[in-house]
Each structure stands twice: as structure tokens, then as C-alpha cells.
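There are 2 protein chains.
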Amino acid sequence: MAHDKVAVRKILDRIKSEGRASLSAPEGKLVCEAYGIAVPKEGVATTAADAAKIAAGMGFPVVLKIVSPEILHKTEAGGVLVGVKSADEVQKGFDTIMSNAKKYDAKAKLHGVQVQHMLVGGQEVIIGAVTDPSFGKLVAFGLGGILVEVLKDITFRLAPATREDALSMLDGIAAAEILKGVRGTDPVNRDALAGMIENVSRLISDFPEIAEMDLNPVFATKSGATAADVRIVVDFNAAPARYRPSHEDIVRDMNRIMKPDAVAVIGASSEEGKIGNSVMKNLINGGYQGEIYPINPSAVEIMGRKAYKSVKDVPGKIDVAVFAIPAKFVAQALIEVGEKKIPGAVLIPSGFAETGNVEGQKQIQEIGRKYGVRLMGPNIYGFYYTWKNLCATFCTAYNVKGHAALSSQSGGIGMAIIGFSRSAKMGVSAIVGLGNKSDIDEDDLLTFFEQDDNTTIIAQHCEDLKDGRAFAEVAKRVSKKKPVVVLKAGRTAMGARAASSHTGALAGNDKIYEDVLKQSGVIRARSLRDLLEFARAIPVLPTPKGENIVIITGAGGSGVLLSDAVVDNNLSLMAMPPDLDAAFRKFIPPFGAAGNPVDITGAEPPKTYQNTVRLGLEDPRIHALILGYWHTIITPPMVFAKIMVEVVEEMRAKGIEKPVVASLAGDVEVEEAAEYLFDHGIPAYPYSTEMPVAVLGAKYKWARGAGLI
Amino acid sequence: MAHDKVAVRKILDRIKSEGRASLSAPEGKLVCEAYGIAVPKEGVATTAADAAKIAAGMGFPVVLKIVSPEILHKTEAGGVLVGVKSADEVQKGFDTIMSNAKKYDAKAKLHGVQVQHMLVGGQEVIIGAVTDPSFGKLVAFGLGGILVEVLKDITFRLAPATREDALSMLDGIAAAEILKGVRGTDPVNRDALAGMIENVSRLISDFPEIAEMDLNPVFATKSGATAADVRIVVDFNAAPARYRPSHEDIVRDMNRIMKPDAVAVIGASSEEGKIGNSVMKNLINGGYQGEIYPINPSAVEIMGRKAYKSVKDVPGKIDVAVFAIPAKFVAQALIEVGEKKIPGAVLIPSGFAETGNVEGQKQIQEIGRKYGVRLMGPNIYGFYYTWKNLCATFCTAYNVKGHAALSSQSGGIGMAIIGFSRSAKMGVSAIVGLGNKSDIDEDDLLTFFEQDDNTTIIAQHCEDLKDGRAFAEVAKRVSKKKPVVVLKAGRTAMGARAASSHTGALAGNDKIYEDVLKQSGVIRARSLRDLLEFARAIPVLPTPKGENIVIITGAGGSGVLLSDAVVDNNLSLMAMPPDLDAAFRKFIPPFGAAGNPVDITGAEPPKTYQNTVRLGLEDPRIHALILGYWHTIITPPMVFAKIMVEVVEEMRAKGIEKPVVASLAGDVEVEEAAEYLFDHGIPAYPYSTEMPVAVLGAKYKWARGAGLI
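Just so you know, the sequences run in chain order A and B. Quick note on my numbering: the first sequence kicks off at 1 and runs consecutively. Quick note on my numbering: the second sequence kicks off at 1 and runs consecutively.
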């Protein structure tokens with residue numbers, strides 16, 4: 001569909017010149033027509049015969065309305081007829097309306113009668129658009145009437161939306177089934193609806209001054225979709241686009257910052273208890289092998305290293321400067337960092353925007369931009385990059401190398417990440433504090449971790465996304481390669497926001513984050529614990545090759561709860577083929593239940609777990625296993641754990657790798673068994689039937705989003 | 001509203017005698033009228049004048065229909081007119097219909113014309129009834145049309161429902177707001193709707209042969225509610241009521257079983273590895289102080305205790321017999337238990353219904369009933385009652401005394417309970433395995449724990465409720481005194497069931513459990529971990545006296561996540577009064593945020609936590625506190641924990657007791673701090689912002705249900 005940008009530009013220019021904030025209904029229609037958005041057909045007739053001809057051309061029924069600049073209250077003047085069903089009736093109607101109008105106001109100028117196609121039947125839907133401060137232009141879709149108003153059943157996508165995005169919106173509402181036709185009604189024309197969504201999304205992308213838009217209702221029938229009412233709100237003072245360095249610049253600078261060969265510590269100190277002392281200790285004791293330059297105007301040497309008055313006095317190249325000085329000294333030191341051409345500053349100090357010092361933060365942002373210094377923070381704990389043994393932080397050191405990269409906007413949550421990691425012995429590649437996000441934010445980290453070979457999963461806690469659109473674009477690309485998990489805090493606090501349009505009012509909740517993160521392939525964690533557990537388990541699990549999941553359980557009771565969790569996590573239990581059912585039955589007692597879950601019953605020896613799990617791994621129709629272990633004297637926890645690892649490793653040696661997770665029901669010895677299993681590639685959880693399935697579900701969500709299954 | 005039982009009985013008797021399974025529309029109407037359920041007014045006219053008079057009496061518009069036994073297809077015969085709007089039109093319509101009918105079939109006997117009030121406007125709703133195999137008669141309510149069909153937005157209550165139950169149903173659907181009037185429509189008449197729900201629920205309770213019922217649609221307007229269509233399905237072969245001992249009998253027998261003075265072990269053994277040996281060891285080593293009688297025909301003495309061939313040979317009284325013999329010997333031994341007048345048998349052996357031996361299970365049920373022996377199991381691990389140091393089980397012993405009583409239907413879940421309890425040092429009063437539930441079930445346990453002074457909370461895992469109605473009745477009473485938490489497994493496995501009515505088809509999901517458990521005041525756990533954590537934390541928390549919750553946090557990030565959790569758990573943050581806000585501000589840095597959460601910021605000393613928490617406890621307007629701790633050098637975890645306990649104990653000494661929960665963000669030392677806090681009455685969780693709020697939410701749910709706030 002060709003879009004007539006010139007026509008729209010002309011209308012918008014007029015609106016702007018007239019200082020208006022919204023379009024009239026006829027203007028809205030013209031804009032729609034220019035973008036291939038169907039609106040009811042209409043025409044103005046000056047004679048009865050003309051009216052009948054126009055009506056016949058659009059099909060019946062029609063609505064007739066007097067056209068007269070003097071008659072503002074058409075209905076009162078007897079100037080409106082609805083549901084006119086034939087050419088004959090139209091002719092009569094024309095005459096009636098004209099004579100009514102004359103009677104009503106003899107002096108009124110009568111331009112004729114407007115003939116408008118009357119929309120009947122079909123499903124009422126709403127298509128709209130909003131401008132979000134973080135995500136920019138979004139297109140919205142929902143069912144008209146009470147469903148969208150009362151149940152807030154609406155879905156959003158970044159604009160412009162592809163045809164695929166648009167089609168996914170039709171399935172993205174709770175009442176999606178209605179569009180397929182219920183109670184004997186026809187299904188809607190999905191192509192026509194998706195096409196209209198696409199066109200709306202293109203329109204608002206082409207014309208940023210279109211702030212909000214409502215097509216409400218749109219009548220969707222089996223043959224097409226027509227927007228009965230159009231409302232367009234404009235804003236010619238749109239916010240300027242946010243500055244973004246180029247992809248190459250981000251990658252180059254972030255690599256030097258995150259994997260530096262030389263670190264300067266501004267405010268390094270020998271004095272116990274000082275932040276500058278903690279940072280020095282963490283760098284040295286953490287085993288960092290690059291150069292460490294303490295910067296302190298009043299010291300000669302700190303912890304055995306020569307100290308410098310300024311970074312400018314350091315003879316060699318510096319990749320990153322860690323700031324451990326009070327806020328008020330940051331700006332001056334940052335200028336020196338810029339002059340020394342250091343690409344990154346890690347700003348631990350607080351005392352900026354978070355305490356109301358917005359100006360101070362703006363000042364350092366400007367310095368950073370001027371000198372090309374990327375800023376991490378301020379108001380952060382710093383960061384860790386384990387593969388360089390780098391603890392550029394004043395918190396405790398952390399050294400368990402692994403492949404999960406975590407970040408947090410909040411320092412408290414950062415401490416929880418470190419504590420959980422240490423407690424669970426979770427291997428991480430990096431932990432990063434983002435704090436006030438004056439510059440470096442989640443998408444910079446995604447861009448770095450995307451190409452960082454030590455990282456296979458990225459898990460981020462955030463409270464807001466300063467540039468949601470940039471994040472979504474980067475996440476969409478990165479999540480195709482590596483799972484991206486996000487815990488978005490402040491889900492419930494957004495509240496409704498003031499808006500001129502219907503769609504705008506509905507946007508004031510968490511649904512935009514929900515939909516856009518999904519559109520970007522991001523796995524959304526619902527809780528802090530989920531974020532942490534997903535980061536720990538997802539890299540351990542191989543990628544499943546299909547949707548067929550089998551539960552093998554010693555405890556029938558666990559089997560039932562695990563089945564519940566399978567449904568809750570949008571996974572599906574394999575319908576067991578008869579031959580496979582028979583094969584499982586060979587290994588289990590006659591009263592055990594095959595089918596799925598495979599219930600081997602509680603009193604079985606280790607061999608039964610071994611045989612059934614081996615079968616589950618060997619049969620190519622099965623793609624993932626969930627184990628339900630029941631602690632018994634005959635198969636104690638560590639015996640179970642060791643035999644499971646054996647089978648999995650035996651299969652791995654044959655090239656068979658499938659995700660296996662385990663729920664352990666038993667006395668405290670199961671805790672040790674769970675740890676052993678986890679260490680050997682089987683995420684296992686004591687006293688929980690939910691968590692093993694939740695982490696498997698997260699892996700599946702990613703694999704589906706990345707198009708791997 | 002008087003109910004005319006005689007009229008209904010007469011109609012049902014006729015249906016029965018005619019061998020029919022459902023009522024005709026006119027029969028359905030008569031039944032409705034007998035129970036005060038409004039149906040459209042109607043009458044049969046034999047003259048045009050008569051028709052006009054009848055119509056005027058009911059109000060316009062009306063529907064006119066030919067009445068003739070010969071004319072089956074009324075519309076085809078031109079025998080139906082809808083939307084007739086005046087007395088004049090009715091007269092003309094009468095003539096038209098009669099003449100059309102004559103033309104259509106000259107031989108047809110014409111009885112006249114039926115005049116029926118035509119319902120227009122208002123909100124279409126559905127009121128229905130079903131018979132559930134476990135819960136019996138239930139009444140249902142939902143919105144008509146797509147909402148109930150596509151979104152399954154329907155709610156159930158046990159019948160008969162009180163007025164309060166009925167009113168709660170109007171708020172119990174997702175689209176409840178619609179009933180209050182949206183888009184300028186009038187609100188429905190809540191009393192009329194609730195009255196109709198009550199009447200339906202009374203009708204199906206009075207006549208158990210009414211199996212299913214649909215009033216669909218019911219037109220609900222601001223002035224009343226009228227059922228436009230009635231469908232009633234009957235079943236004269238209803239299942240007989242389940243046998244239930246009297247309350248006194250249950251209490252008397254369960255007290256002897258759960259707190260026995262003398263235990264017999266049938267199948268006691270000296271041989272290591274035998275179940276009968278494990279049971280003996282657990283009894284003796286567990287420190288049980290009552291009599292222990294080993295029963296074994298081929299032993300003289302077992303573990304230092306005189307052995308008997310049969311319980312009948314034991315000289316003294318026995319309160320409970322623990323069975324540790326193969327299934328095939330159980331029946332005979334049970335007869336002897338009966339003859340010895342022992343009130344309870346703990347049937348550890350498997351090999352009954354769960355392995356297909358349904359007959360064997362039926363046999364022992366009959367023996368139990370005959371001799372008045374209550375049966376626990378079969379197919380269980382046994383039970384623990386810590387305050388008697390009683391471990392009547394073959395599993396490992398458990399001895400941490402406390403006030404949570406737990407039970408599980410599954411042995412695997414029982415082992416998880418024991419493992420979790422030991423790991424978390426959770427104090428319990430009892431842990432009970434219910435297994436096949438041939439006799440003793442969840443409501444027997446509720447009845448016992450209700451009057452057991454050592455128990456303050458009851459947490460149950462179940463897969464089904466054999467007598468859901470009995471459970472609901474008991475739970476409703478008990479939950480007023482002690483929190484009842486239920487993990488219902490198999491939530492998602494029920495699927496749709498075959499049903500003749502619309503309501504019946506909608507009942508085939510978990511919604512019935514959801515609604516009835518709520519109606520009974522039960523706190524539903526969503527996961528195994530929730531069941532366990534609720535059991536652990538709820539008894540520790542004092543009962544809140546109101547809904548005003550305040551978050552006090554060192555980490556702003558935790559504050560945001562805790563606020564999310566508050567909303568998720570249906571709790572509410574107190575709107576901070578200005579004077580209280582000012583009082584908090586005195587203790588926190590100028591850039592800290594008062595309001596709620598109270599953000600004291602991260603770098604504060606222990607004193608700040610102490611001052612703000614003391615204020616939160618002292619101010620009578622605040623009813624509960626959620627603490628967000630951030631691990632810093634200035635306030636290390638154990639320092640925080642000790643100072644918090646100090647403040648709480650200081651207040652307790654002054655008679656101030658409020659629920660306080662804590663989320664701890666920090667390095668691994670927070671685990672020890674969490675344990676210390678929990679031990680001192682402050683449920684605390686490391687690395688989780690969700691769990692502390694979830695347990696507080698569970699306590700609130702109970703307190704609200706019990707009418708305490």
C-alpha cells in the first residue's frame with residue numbers, strides 16, 4: 001500500500017499553522033485515506049437522484065445528513081436519517097431532509113445531503129497509537145466496548161510494526177478467541193485488521209508529531225475492517241531524540257571498560273574503611289593482573305603501588321578510571337580523565353540526581369559527552385568482570401567464574417546478587433551496578449555482552465529504561481543469540497497517566513513493558529528470586545530441540561504438582577506414543593503408571609531411575625525431562641544424584657544433550673544432592689516442584705523467541 | 001420469599017414418572033415461579049381485545065406467538081411477531097397471526113395467541129447450578145455472552161448460598177465493574193440479582209434431583225432481574241450421602257489417635273531395614289513416653305519391650321495401632337484391632353487402591369466401619385505429634401516442637417515437609433500422611449487441630465477432597481479460629497467434563513476449588529514452597545489490627561520491589577499522614593524519601609533503622625511493617641538483626657505487637673541474620689523481596705476471612 005505522505009504533511013502543516021492540538025473528523029478521515037486505512041464511504045449529493053446514485057455505489061444501508069454551515073444541530077433540525085435501505089428510500093429521504101431543513105431555518109444555506117455508508121455487524125475493535133516517553137511510538141489493539149474499558153484487554157507493539165507483529169497482536173489479547181468467531185458469528189478478516197494496524201503504525205512513525213490516535217470503533221467483518229471514528233492528537237513540540245553513540249563506538253569503549261588492561265583508582269587510599277581503600281584491596285586481592293594506578297594528590301605510594309596526583313601524570317594508557325571521591329570533586333577529575341583520553345569512568349560516588357543534585361549530574365554528563373568518556377553510574381557499587389579477576393567495587397570480592405552477566409539499577413539489589421551468587425556458587429562473568437544511569441545503561445551492557453565470549457546469558461534488574469526503544473532494538477537482536485532476562489521493578493506503581501485519547505489512558509499501566517519486552521524476545525522475571533534462579537540455571541541447560549516434555553517421578557504427588565507447573569509455565573507434556581509407553585512400562589512395577597508423568601513409584605531401586613531416564617534421553621521424540629525424586633532408604637539422595645549424572649554424561653558422550661531438571665522431595669540430605677546435580681548440569685531444587693519447571697520454562701521461552709524450536 | 005415446594009415436587013414427580021431427564025420450558029418457568037425467580041410475564045389471549053389487555057398489563061414491547069398444538073414451526077407459519085409496541089399494534093397483530101395460521105394450516109386447532117413481555121436493555125447475565133461429585137450443589141454466576149464463554153469469567157458458591165455469599169458473587173467476577181454501570185448504562189439491581197442467586201441455590205438444595213440448571217440469559221436492569229430462558233436437568237439416581245461420624249465421635253477418637261497413651265506396633269520387628277523396626281526405633285528414640293506394645297506372633301521381646309501375638313493379648317488399653325505388615329495381612333489384624341476396641345489404625349502398608357487393589361481397600365473400610373476403627377491411610381508414612389514426642393512413622397524422626405500442623409496426601413510431599421522443616425528448623429505440632437484416605441481425611445484433621453491447643457495453623461497438601469462439602473463446612477468454622485492453608489495439587493489437570501448445561505460445562509476447571517476454598521476462609525497456597533513458608537511464618541506473626549502497611553527500607557531498589565509485592569498480595573501501603581511523614585523525616589537524611597516506602601538510604605547507621613522502626617511500631621495508625629535491609633559496612637547484617645529484635649521486644653513489653661517482616665539484600669552473612677530474625681518473631685528472607693510480603697499477605701488474608709480486621 002503506497003502511503004501519501006504529501007497529503008498528510010499538508011494537513012498537519014495546516015493544523016500547526018492554526019495552532020491546533022487535534023484534527024477534525026474530516027481531517028482525520030483524509031489522513032486515514034492517505035495511509036490506506038479504510039473509513040466509511042461518503043459523498044455529498046445535491047439532488048435526490050444524485051443521492052440514490054451515491055448510495056447505490058457504496059451499498060446499503062446508508063446514513064443521510066444535511067450539509068449546511070448554519071445548521072449545527074442536525075438531528076434537532078430533522079436533518080439526519082439512519083438505516084436508509086434502498087435507492088427509493090434514499091430519494092424520499094433526501095427530499096424529507098431538505099424540506100425539514102428549510103422549515104427549521106429558512107435562511108440556512110443548504111449545500112446538499114451527505115450520504116455515508118452505515119457500518120453494521122462485525123466485531124467492534126479499537127486500534128490506536130500512543131507516544132511513550134521511553135519507548136516512543138507504539139501501536140495498540142483491543143476489542144471495543146466493555147472488554148477494553150473494563151478488563152483493560154489491550155496489547156501494544158513498537159511502531160512501525162511488521163505484519164507479523166500486527167498478526168501477533170490479534171492473538172495478544174485475552175479475548176482473542178472472539179476474533180475467530182464465536183456463537184455462530186463469522187471470523188474477522190485477519191489480514192485486513194493486521195493491515196490497518198501496520199498502516200497506523202507506519203503513519204505515526206512517519207509523522208512524529210502525531211502524539212496519540214484512536215480508531216474507535218473499527219468494524220471488523222469477514223470481508224474487511226473499517227474505522228468508523230477517527231481521533232488524532234498532535235504535538236509539534238516532541239522531545240528531541242536521545243543521543244546514542246554508534247554501535248562500533250559502544251563495542252570499542254565497553255570492551256576497554258569491562259576488560260581493561262589498566263585501571264586508575266581516583267581517590268585511592270591506604271586508610272582502612274575508605275571507599276578508595278576498599279576498591280584498591282578488591283583489585284589487588286581479587287587477583288587483577290593488569291596495571292593499577294592509585295590516584296591521590298597527597299600520597300606517594302598506596303598498597304605498594306606508586307601513586308599519582310592526577311591521571312594525567314600516569315605515563316601509560318588507562319582503560320578505565322574508578323572514582324572513589326566525594327561528588328563535589330568528580331567534575332574536575334572527570335575533565336582530567338577526558339584529557340587523558342580514558343574511555344570510561346566508573347562513578348561510585350553518590351550525591352547526584354538521587355539526592356536532588358540534578359545539576360551536578362547534568363554537568364558530569366556534559367563533560368563525559370565533550371570528552372567522549374562513557375560514564376557508569378553515578379551512585380553505584382562498581383562492577384565485577386570475573387574472567388579478568390576484576391573487582392572494581394568497594395563491596396566484597398567475588399571470583400566464581402561463569403557465564404551469567406548480571407546488572408542492577410539499585411545497589412541493594414546488587415548486594416542481593418552477590419550474596420545469592422556466593423551462596424549458590426553461581427558462576428558469573430560480570431556483575432554491574434548502573435545506579436543513576438547518567439550514561440551507560442542496559443542496552444550498552446547488552447551490546448557488550450552480546451559479543452563477549454565469556455557471557456552466555458544476561459540478567460538485568462531495572463526500574464526504568466531511560467531509552468526503552470534503544471533497549472528493545474538491541475534486546476531483539478541480542479536475544480536471538482543469548483537469553484536476556486529482565487526484572488522490571490515498579491510494575492505496579494505506574495498508575496494511570498493523563499492522556500487525551502482512549503488508547504493513551506489505557507497505556508498507563510505495565511502492559512507496554514510486558515508487550516515490548518516480549519516483542520524483543522526478553523524473558524521477564526516476575527520476582528528477584530526468579531531473576532537469580534534463571535541466571536543460574538539457564539546457562540546450565542542445553543537448548544531443547546522440541547516441545548515434548550516427559551516427567552519421570554518416584555513420587556506420584558510430585559508428578560501431579562510438576563504437571564501443574566508444566567501448564568503454569570506454558571510447557572506441554574508429551575502425549576506418550578504406545579510403543580514408548582510400553583518401553584517405559586518394562587522398567588516399572590505393574591501398578592506404576594506409565595503415560596506422562598511416568599510414575600515409577602516410591603520403593604524402586606536406583607536402577608529404575610537409571611533405566612527410565614536413559615530411555616527418556618535416548619528416545620529422539622522426547623526433548624526434555626523433569627525428574628521427581630522421592631527420598632527412600634532404597635535410593636538415597638546422593639545415590640540418585642550420582643546415577644543421574646552418570647546417565648546424563650553417558651548420553652552426552654554419545655552426543656545426546658537434552659535439558660534435565662529435578663525436584664527433590666526428601667529429608668535434608670536432598671540439599672547436598674541438589675547441589676551435586678546442579679554442579680553437573682542438572683538444575684535441581686529441594687522442597688520445590690515449581691522452581692525446576694520455572695527455569696525449564698524460561699529456557700523454552702528463550703529458545704522459542706530465538707526461533708530455535 | 002416463600003418457596004412453594006409442593007408445586008415443584010408435583011412437577012418433578014411427573015418428570016420422574018415420565019422417565020424424562022429435563023424439564024420443558026413451561027415446566028422450568030413454573031418451577032422458577034414457585035421459587036420467586038422472575039420470568040417474563042405471559043398470558044394466552046383468545047381475542048384481539050383480550051391480547052391488548054394482557055399486553056397493557058405487562059407493559060410494552062411484547063412478543064405475540066400463535067398457540068396451536070398442530071403448528072410446530074411458528075415462525076414459518078407467520079405466527080410470531082416481536083417488538084409489538086402498543087395496544088393498537090397488539091390488536092392488529094392478533095388478527096394477523098390468527099389469519100396467517102389459518103392460511104398456513106386450515107385444519108389446525110388455534111388456542112389463541114400467547115402474549116409475552118419482551119425483555120430489552122439491561123445487562124445479560126447467567127445464573128446457574130451444578131452438582132459437583134465432591135462439593136455437591138453449587139450455584140454459579142457470570143456475565144452472559146462472550147465474557148462467560150470466551151473468558152470463562154464465572155464464579156461458584158456452595159448452595160444454599162446466603163445473601164452475603166450471593167452479593168460476593170457479583171464482585172467475584174473479573175468484569176464486576178460492568179454491573180456497576182459503564183458507558184452511561186445504569187447499574188444493575190444488586191438485591192434483585194442476589195435474590196435470584198439465593199433462590200436458585202435454595203431450589204437446588206431443596207431438590208437434590210435437580211442436577212444442573214441454567215438461567216441464561218437473565219436480564220438485569222436497575223429495577224430488577226428476569227430470567228428469559230430456563231433450562232433444568234434432573235437426575236433421580238443421585239449418589240447417596242457419604243457417611244460421616246458425629247463431631248463428638250471425631251473429636252474423641254482423633255484425640256486418642258493423635259495423642260495416644262498407648263501405641264501398638266503390628267508387625268514390630270528387631271530386624272534392621274524392616275518397616276516394623278523403623279517404627280519401633282522412631283517411637284523409642286523419639287522419646288515417646290506412653291506404652292509401646294510390639295505385636296509379632298513369632299517374637300517374645302522386641303527392643304527391650306515384651307512382644308504380643310495379637311493386640312488382643314495386650315492387657316492394657318491401646319489408643320492406636322500402627323500397621324507395619326504386608327497388605328494381605330491387614331484385614332485380619334484390623335478385625336483384632338476392632339475386637340480390642342482400639343479407635344484408630346495407622347495403615348502404613350501400600351498395595352491397596354493405589355495399585356489397583358480397590359476391593360482390598362473396600363474390605364478394610366468395611367471392617368473399620370463395623371468395629372468403629374478410624375483408618376489413617378493406607379499407603380502412608382504414618383504421622384508425627386511432637387508434643388507427645390511421637391514419631392509413628394518409618395521415616396526419620398522429627399522433634400522440633402512448634403505450632404504448625406501439616407498433612408500431605410502424598411508420601412513424597414510428606415518427605416519434602418520433613419526435609420524443609422528440619423532445614424528451616426520449623427516448629428511443628430504434627431505432620432500427618434493421609435495417602436489413600438480410605439477413612440480419615442482433611443476434615444477429620446481440621447476437626448482435631450481445631451481443638452488442639454498445641455496447634456495454631458493447619459497446612460494441608462491434597463490432590464482431591466473426597467468430601468469437599470464436609471471439608472468446606474469444617475474449614476469455614478475452623479478458619480475463623482486458626483489459619484487453614486491448602487495446596488490443592490492437580491489444579492490444571494481437571495480439564496472440561498461432559499455436561500448437559502452451559503454452567504456444567506464451565507464447571508470443568510479449577511474455579512470451583514478456588515471459589516469454595518475462598519468461601520471457606522481457606523488460604524490457598526500456589527506452590528509447595530508457599531505452603532511450607534506460610535506454615536512456617538504465619539504462626540510467628542501477630543495478627544494485624546488494620547490495613548495500614550509501611551515499608552521502611554535502606555535500599556530504594558528493595559523498596560520498589562517490595563511495593564510491587566504489596567500490590568501483588570492485595571495489601572495496601574498506608575497513605576502517609578503529614579505529621580507522621582514529618583516524624584519519619586526527622587530520622588533520615590534530607591535526600592532520603594519519606595512518604596511510603598520510607599527510604600532511609602543505604603549509608604545509615606543502625607540507629608536510623610532503630611528510630612524509624614520504633615516510630616513505625618509506636619504509631620497506632622500503622623498496622624504492619626515491611627523492612628528492606630541493605631547490607632553495608634556501617635550496619636552489618638547481625639547488627640541490624642539484633643537491633644530489630646531489640647526494638648520489637650521493647651515494644652512487645654509495652655504491649656505493642658504488630659507483624660514485621662524483612663527482606664535482606666546483602667552478602668551471605670544475611671542468611672544468619674535472617675535465621676536470627678525468624679527465631680525472634682520477624683520472618684526474614686535473604687535475596688527475596690517477594691516471600692516476606694507473600695507471608696504477610698497470607699496472614700492478612702486469614703485475618704480478613706476470620707473477621708479480625
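If you are wondering where the hints come from, they were derived from the structure by calculation, not from laboratory data. Incorrect hints may appear among the rest.
In this list, chains with the same sequence are indistinguishable; a pair is considered to hold if it fits within one copy or across any two.
Unchecked claim - Only pairs whose alpha carbons sit at most 30 Å apart, straight line, appear in this in silico BS3-like list of lysine-lysine:
#1 K481 x K312
#2 K65 x K466
#3 K102 x K518
#4 K180 x K152
#5 K274 x K607
#6 K309 x K642
#7 K281 x K607
#8 K607 x K328
So, going through the hints one by one against the coordinates:
1. K481 x K312: Neither: 40 Å inside a copy, 73 Å across copies.
2. K65 x K466: neither (49 Å within a copy, 67 Å between copies)
3. K102 x K518: Neither way: K102 and K518 sit 59 Å apart in one copy and 66 Å across, limit 30 Å.
4. K180 x K152: Classified as both; 20 Å inside a copy, 16 Å across copies.
5. K274 x K607: Answer is between; shortest inter-copy Cα gap is 21 Å, intra-copy 59 Å.
6. K309 x K642: neither (58 Å within a copy, 43 Å between copies)
7. K281 x K607: Between copies, since 29 Å is at most 30 Å while 52 Å is not.
8. K607 x K328: Close across copies (27 Å), not inside one copy (68 Å); limit 30 Å.
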